[in-house]
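Each chain, letter by letter, is given below.
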Amino acid sequence: MAERADDRLVRLLGLVAFLDGAGPVRVEELAERFGVTPRQVREDVDALWVSGTPGYMPDDLIDFDAFSLDGGLVSITQTRGMTRPLRLGTREAVALVAALRAMHASPAVQADRRRAGVVASALDKLSAATGEAASAVDVELAGEGDPQVVAAVTEALSAGRRLHLRYVNAADVTSERDVDPARLVTQDGAMYLVAWCLRAGGRRTFRLDRVLAARVLDDAAADHGLAAEGADEDVWASVADARAPSATLVLASAARWVAEEVPAESVRDLPDGSVEVRLRVTNPAWLRRLLLANAPDVVSVSPPQVAEEVAALARDALAAYGRTANP
Amino acid sequence: MPANPDPAAARGTPPAERLLNLVIALVNTSAAMTKQQVRSGVNGYGDAPSTEAFERMFERDKDTLRALGIPIVTVDAGGHSDDVGYRIDNDAYALGPVDLTPAELGVVALAAQLWSDKTLRTDMSRAMTKLRAAGAGEAAGDAVAGLAPRVRAAGDAYVPLLEAVSERRDVSFRYRAASTGEVLTRHVEPWRIAARGSGWYLVGFDRGRGAPRVFRLSRIVGRVKVGTRPDAFDVPARVDVDAMLGERVGVRRVATLAVVPERAQALRARATAPEPAAGRGAEPVPAPRPDGREEVRVQFRSLSSFADEVAAYGPAVVVEEPADLRGEVVRRLVAAAGIDRAQAAHGTAGTPTQAGTPTREGSDG
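Those protein sequences? They're chains A and B, same order as listed. Per the UniProt record's numbering, the first sequence starts with residue 1, numbered consecutively. Per the UniProt record's numbering, the second sequence starts with residue 1, numbered consecutively.
Since the hints were derived computationally from the structure, they do not count as laboratory data. The model shown is predicted, which means the values in this text are computed figures rather than measured ones. Hints may contain errors.
As the list claims (entries may be wrong) - Partial list, derived from the structure: chain B residues whose beta carbon lies under 8 Å from chain A:
#, residue
1, ALA103
2, THR129
3, LEU162
4, PRO315
For glycine and all other residues, C-beta sits at the position ideal for the given N, C-alpha and C.
Build the full structure now, drawing on both the sequences and the hints.
And the structure:
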């Protein structure tokens, strides 16, 4: 796909501003800094070379040292006054400052004083430079977590150490295991530790509020290649899997939030205001818990076995209330 | 914009280079350039086949530059519209000095990855290009090693709403009510956009209702219409987003639960001791009961969300106190016990739903 003209313009101007006073810079270094290929850098230099002020005579143009460029070095000799870096647009500044504020307030950052300090100083410098009040957008990342667990997990991540976890899963089964942590993901108001589980011999995602205890071990964490999964990963991937069995729920409008917060395969508005949600569920215990909690707003469930299992659990629970009812 | 075919591109000068030449020309011009001077003098504009095509191209380029934070100012040289000149003020577009350390740039780069919307991701990569051009050193990520903060995509409503909030323009949109599923048009003075949990919200003054309201962005149906007049209303000096979203810091209460041994460990991890803790780090010991269950005391704030959590444990957890929590859990279980009969009647069987009835929060039960 062709690059957008405005994105390229920002880089072209950025290159001139950066190169001004920077001395000769290697093509590869520029490519890495601006996140493009070395070939693109050379194309950008070629474009800059023929750009300038009207008239476009040699003295009007942005100019480079051709000899250096043959040796793979970019050295600017005439900038035509384009030496000032571009300021951030309103949308850019608002989004960046809101993200930094949210990070600064998050438990994962607050768990480490040095880390909180770096985020605070970055936020201060950026707010000062952009001059944006930036209060238009207000983002809060995950809520509460056991401070000791958060501290242990973040320490293990920054020191590259193995962790021992006591964990209770969605089926309410507790286990002990050693894991090599890869990263701490904050998503949908909760924190998740993505790690290599040595007991399971595979990648696992642990919800931090179900980590009962975490201890940093002396062993170094091994690299299992989990860091390279990219920014678009979704922790729900461990719950929703295209090969997993599907379930269809019809929910009253009051439980519409369920459709908005679970990894739905499809969501359909029905004429009476209710909503039909199709899910793929790898973990049946998770679905049973969801249905127990939201039963008053569940209109129907399929497949029927799921409904039968939930109903049986609920009847057992009601019996327990009968047994333990206050006189 | 990128989707539009650019007539000049086919003829030679790529749009990015035309924009570049326009910026360089308008920064370097001694006073200002007229449209005619731009057309005849700036590389790329001579490609326009007609005056209309040139006008469209120039207007679009001005919009593009404004969106990038490079405002073109109009200089009125004389009485005639032909004499209107354009230039760019260096000071208006320059980034103030940002002397980010490598560690700070690493933090900013991580913050830039927070967003998952395509629009916002484009904005963020552009912002990073600008910051890197400002000469900041190499980004160092070790200060924030392993952190991956993410916010769910805000959707199409975000960009127009942000513009409206920033410029204090009123908005109108079609909105699906949670209680009834009905879609109605709402006229709103937008104050703030907020992300909490997995949801995006608009906080503002609902003109139709004559009161402050909260809207979930995912329930906005279709496009957001932004009013033409800026500064159309005042935003209160203090907007307490959390209070409006109903997450106010309510009274903390303690629930007494009867839990099957070994079960509900996630709840037990939050247990409080029956009496003030004997010493720091002392684990609260569950008190055994005649029925074989163990008594666990847990603090909670939101009645409805704690009832959800407890009901999800089914028979493993029974609420002893308080009575309102017990009632809320039993209400969920009664509905769940009939859930296998629900589909036959498709919603007419089972308990009547309490749609739209807000649960009392933090009451003294």
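Hints and how they fare:
The beta carbon of B:ALA103 is positioned within 8 Å of a beta carbon in chain A (closest approach about 5 Å), and the interface hint is therefore held. Because the beta carbon of B:THR129 sits about 5 Å from the nearest beta carbon in chain A, less than 8 Å, this interface hint is met. Hint status for B:LEU162: holds, given a least beta-carbon distance of 6 Å to chain A, under 8 Å. Checking B:PRO315 against chain A by beta carbon gives a least distance of about 4 Å; that is within 8 Å, so the hint holds.
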